[in-house]
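*Asks:* Spelled out from the first residue to the last, the chains are:
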Amino acid sequence: MYIFLGCTTPMKQYAYELSIRAVFPRLGIEIVDMPDSNCCGTPLMGVNRFYNVYAPARLMAIAEAGGLDIVAPCNGCHLALSEAAFMLREKKNLLEQVNALLKEEGLKYSGKVKVYHPVEVLYGLVGVEKISSAISYKLPPLKFACHPGCHLVRPSHIGRPEKRNGKLKLEALTEAIGLQTSDHPEKYECCGAAMIPYSTDAAIKTVAMRIKKFVEGGFDGVTTLCPYCFDMIDGKQDAAKTITGDRSLSIPTFYYTQLLGLAMGINERELGLNLNMSPVGSVLEKLRR
Amino acid sequence: MAEEPRVGVYVCHCGVNIAGVVNVKEVVEYASTLPNVVVAKDYPFMCSDPGQNLIIEDIKTKGLNRVVVASCSPRMHEPTFRKALERAGLNPYLLEMANIREHCSWVHEKQPKEATEKAKELVEAGVAKARMLKPIETVKMPAVKRALVIGGGVAGIRAALDIANSGFEVYLVEKRPSIGGNMARLDKTFPTLDCSQCILTPMMVEVAQHPNIKLLTYSEVQSIDGSVGNFTVKILKKPRYVNEDLCTGCGICEQKCPYTVPSEFNLGLGKRKVIYFEFPQAVPLKPVIDRDNCVYFKKGTCRACEKFCPTKAIDFNQQPKEITIEVGAIILATGYGLYDVKTKMPEYRYGLSKNVITGLELERLTSATGPTKGVILRPSDKKEPKNVAIILCVGSRDEKHLDYCCRFGCVAGIKHAYYIVSHIPDAKVTICYTDIRAFGKGYEDFYARIRSLDNVQFIRGRPMEIFEDTNGSLYFDVFDQNTNRLIRLNPDLVVLETGVVPDPSFEQIATVLKCSRGPDGFALELHPKLRPTETSVDGVFIAGVVQGPKDIPDTVAQAGAAAASAITLLAKGEVESVPNVASVNQDLCSGCGVCEVVCPYTAIVMEARNGGRVAKVEATKCKGCGACAAACPSGAMTQLGFEDKQIIPQIDVLARGR
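Protein chains in written order, with this note's numbering: chain A, 1294 to 1582; chain B, 474 to 1131.
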């Protein structure tokens, strides 16, 4: 399948890209870089509703021409593509407008392409059982908090990879490699990333509230599969300490694909584990075989 | 036709409604030139007494035998003019209305010339049809002078008592073991704070003792056949496993029963025995054995209740009983259920956190007959809550959930704040509201009184999500629109004033009755303002929340009105068929059955004839919708008053063009 990386992952979340490229092929998922791609359309949402749909529709049309499905590792990209697919299914005239424009490039959107998030690839296509058997050792039962990120759950009416009721797929996957998971109160709350361009202060205070709950909950670490959430939780811990004055705001943070890669015995540099900004050292020590 | 048509045309000014746009004189002049028109006149208000007399006089003196009234919609005044014809000794169905108001002057306000031309055409079309009209005789059938009330809440109780007190027999059917409905669950009623059971139970006892009321509890309506005046209803009486004639209601069985399960009446907050009374004031005061949980039914042992019953009333062999009754009128009072916030709104943690409860559950926690004997204790640790948050509009007025207002949540929430601070004086209550809708009589005073309390705080805002911290405590943020601030609350009990939906049993009853429902599932009244107790089915009336959310005063008022509607029907003692019924020419009928399929009122049955089958119309069930006449491929089905030879001349005029 095509991998559509979007902007955030290749610009500042190489660890996510590295760990996906390391893990997926070893689980039998072949990934091909998406040719001639463009922005996923999310930044256009409040600016131009048409191009907000056209941009992701073009990506799906390219995939359709190549005959492959798409995996979009970023929650924002995944939502943009899914929402566009939803709107093009609901609104016939929008579909006609989009296709008229795509025709200039010899492309066509017909809705054939499936758009996956890594959590759907791992839970749905690979499966928890295959993951349990693919790992070379079980990680120790450290207590991890799973943070799905808002767009994995919302808006529910268009169908999202995760549901609010019951256990998350991400939690089942985390348990499949030996770790423990536990509920935490603000599991479905905003990481603050959306506010960064408008009010950095509010954004940092928001992620500080999330980090505080991870610390209070006695978690050994946090795992997510969203580059925005990861950037906030992993990368903004020092800022959170400075702005709130709370020195306790510190929690080791990992991409789930990094944890999975570890359990599969993959080299740590290949998983980008040297790039995590949160203090992962002591937990990593325990996670190593 | 033996008799030559003599048509009179009467053009109404409707004040300036018609005459302000249409040149009425010109229309009259044109009408008088039309074939068979003997007289054409205009008058400022044709529906007024002198207007009607004008028509009656002309019928008598000029020998008119057809009348065309050019005025408003037939929905408005067709019955008025039909009565005028009747008074003049003419068959009332020899009338044709030309709608030159709604269909002409009102919509062509700015084109008087064209409107006048259109009015002329409409009148001409009316005359063309009127010339072909035939008298129609309606059928009168005796009505069974007995009523059925479905649902034993306060609406059903009030309606049953009113009908019974006027001298008619009435069946009251309730699916639960006792009547009382949701009102019996309440501790107090707003705004007067009278004890709910104290005002309700005397009415319940009156129902039980009334000679004209036959009370069928623990019973469900299975099927309803027939039509207005003559309904046949099958009711299933579920076995209580207690002989109601022998049982004295002493309650020894309940004391001796060794097993307990969660109580439905207390919404799962307390326990009840397996043989139980729904609540201490239950009517009838007869216990019921919960077969699914009874050890005797599961394992064949125990029989403690049977052993200790002093009157030998326990009967484990009781069977379900089907009862068939005949009634002339039906009142639906099936009441309401709460919106399923547990599965639809997981963000409010109802069902996930023990200390998030509904307003109805708080009623049980406050009631002296409730699981805590009237001491408000929070479910998790049975401690008194000191910091309570009450959230209004949970699921209501929300485009993602129910878009309508529940009409009692606001004042119920205010009352719940009163419960807390009157029971626990050092407690603090925060009410998160959208708008406070305290519209009923005395509600505003009550709101002002509670709002002025020091320990009750009102925040205008809806919380987004309630969190349960790792130590089990609840917290949430709410944006206060009045102060533009985000406020964090740490309540130890959260009360959700949940939205209201029709009781699930209503859907099945509405389906068997073919009674129209609105988009939200509530019964659709015949007219939202003028006919609020009638449904799309003649002889079926509605009372209480089955029609839409309402508080107790409105429910009781509507129940009285529904009873009056039913009494009117029963007192008259007969029902008249609608005039425009379908009529089948069985010689032309091929027996294809298309009409039977399209009929929404099951008024057409297929019967055997000459070795084949033909359609037959049951005139009392037919509503004259015309679906069968339009669908019939062989022209065998006609609708009286809308026969082909009547409407084709009318269409010819309108399709002629100019």
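Check before you lean on any hint, since a few could be wrong.
[What the hints assert, rightly or not] Computed list of lysine-lysine pairs in BS3-like fashion (alpha-carbon distance at most 30 Å, straight line): (1) K1385(A) / K1396(A); (2) K1436(A) / K711(B); (3) K1456(A) / K1396(A); (4) K817(B) / K1456(A); (5) K827(B) / K1456(A); (6) K1456(A) / K873(B); (7) K1407(A) / K817(B); (8) K1460(A) / K873(B); (9) K873(B) / K1407(A); (10) K780(B) / K744(B); (11) K1506(A) / K1384(A); (12) K827(B) / K711(B).
[What the hints assert, rightly or not] Chain A is faced by these chain B residues, among others (derived, beta-carbon under 10 Å): (13) C720; (14) T721; (15) T816; (16) K873; (17) Y948.
The set of hints was computed from the structure by calculation and includes no laboratory data. Cβ coordinates follow ideal geometry from the N, Cα and C atoms, glycine included.
*Asks:* Hint by hint, say whether it matches the structure.
*Replies:* Cross-check of the supplied hints:
no. : hint                : result
1   : K1385(A) / K1396(A) : 16 Å, holds
2   : K1436(A) / K711(B)  : 53 Å, violated
3   : K1456(A) / K1396(A) : 37 Å, violated
4   : K817(B) / K1456(A)  : 12 Å, holds
5   : K827(B) / K1456(A)  : 22 Å, holds
6   : K1456(A) / K873(B)  : 16 Å, holds
7   : K1407(A) / K817(B)  : 28 Å, holds
8   : K1460(A) / K873(B)  : 23 Å, holds
9   : K873(B) / K1407(A)  : 27 Å, holds
10  : K780(B) / K744(B)   : 23 Å, holds
11  : K1506(A) / K1384(A) : 42 Å, violated
12  : K827(B) / K711(B)   : 34 Å, violated
13  : C720                : 45 Å, violated
14  : T721                : 48 Å, violated
15  : T816                : 7 Å, holds
16  : K873                : 8 Å, holds
17  : Y948                : 8 Å, holds
Comparing the model with each numbered hint stated earlier shows that hints 2, 3, 11, 12, 13, 14 do not hold.
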